[in-house]
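With the hints as constraints, model all of the structure from the sequences given.
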Amino acid sequence: MKSTQQITLRLPHDLAQRLAASTPSRKRNQFVVDLVRRELDRESRELEEAAQRLTLLEQTQTADDADWLELDDALAGGEFDEQRFLQERKAKDYKPAKTARALAA
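Mapped onto the numbering used here, the consecutive letters of the sequence shown carry residue numbers 1 to 105.
Derived from the structure by calculation, the hints contain no laboratory data. Among the hints, erroneous ones may be present.
[Unchecked claim] Derived Cβ-Cβ restraints for the label pairs, each shown as a range:
no. : residue 1 : residue 2 : range
1   : Glu79     : Arg10     : 28 to 34 Å
2   : Glu79     : Ser3      : 34 to 40 Å
3   : Ser44     : Arg10     : 24 to 30 Å
It should be emphasised that the depicted structure is a prediction, and the values quoted were computed from it without experimental measurement. Using N, Cα and C, we set each Cβ at its ideal position, and we do this for glycine too.
Here it is in structure tokens:
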């Protein structure tokens, strides 16, 4: 049997009423567990996908290629804009250096 931990949640009155009206009393706990698990799993997937995209972008960088450092992050609302980065790189006729693996082949 899995270990569990009891916590207390405080919900706004209107939300608590909606939960009570739409979910049978013996199913409310599992309903909340499922929601929390789904949201945390989604967040983990998004972080993993972002890390993978960043890793791929970093692998295409050469030591003297600092274009990505010159991007104005403020124009992207404070968040890295991968599509804009790729478009600007393509516009500058960017050609990544061959990797050691490609040179050895």
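(message) The hint says 34 to 40 Å between Glu79 and Ser3; measuring C-beta to C-beta, is that right?
(response) About 37 Å separates the Cβ atoms of Glu79 and Ser3, which means 34 to 40 Å holds.
(request) Could you tell me whether the CB distance from Ser44 to Arg10 stays inside 24 to 30 Å? (result) holds (25 Å)
(message) Within 28 to 34 Å: is that where the Cβ-Cβ distance between Glu79 and Arg10 falls?
(response) Because 31 Å falls inside the window, the suggested range holds.
In summary, this structure violates none of the numbered hints.
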